[in-house]
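Add 698 to the 1-based position in the sequence shown for my numbering, that's all there is to it.
Quick caveat, the hints were computed from the structure, so don't treat them as lab data.
Possibly wrong hints are sitting among the right ones.
Just the calculated beta-carbon pair ranges, DEER-fashion [stated by the list, open to error]:
no.: 1; residue 1: 754; residue 2: 732; range: 39 to 49 Å
no.: 2; residue 1: 844; residue 2: 806; range: 13 to 23 Å
no.: 3; residue 1: 772; residue 2: 833; range: 17 to 27 Å
no.: 4; residue 1: 836; residue 2: 751; range: 39 to 49 Å
Ideal Cβ positions, reconstructed from N, Cα and C, are used throughout, including at glycine.
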Amino acid sequence: MDRTKDNLQQLGRKSDTPETYAPEVLETFENSHPERDYWVQLNCKEFTTLCPITGQPDFAELKILYIPDRRMVESKSLKLYLFSFRNHGDFHEDCVNTILDDLIKLMDPRYIEITGLFVPRGGISIHPYANYGRPGTMYEQMAARRLENHV
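Can you make the complete structure from the sequences, with help from the hints?
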């Protein structure tokens, strides 16, 4: 096997990764099981964003957990969307809430929650949590209970 760099096909190609915050890259597909409740968990262990004050990078693991209704987020589009935060300056709490708002608008899930496990800076780690349950349903009550019991 030839291991020279001349044989690499993908490395160095221009990426379609967004340069700035890009909610428009998010896509959905139809849920094949809308008749039942079930959990979908998506973990992004390499989320990065910029501190809006210092411009320094912040790193986190994001955990997205949701109960879909008719539409589900497509994972590659989610990856590109999350990449779009790499040059975006926002506080940790704002990132989590922006992502939550964008996914609610995109999918209209029955329930969704997002936790950001940010790497400590200056000896302090920040773990923002935000959730949503569809108003007027048992999922709204579920969101209130989960928020109340969140540790």
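Of all the hints given earlier, name the ones this structure violates by number, lowest first. none
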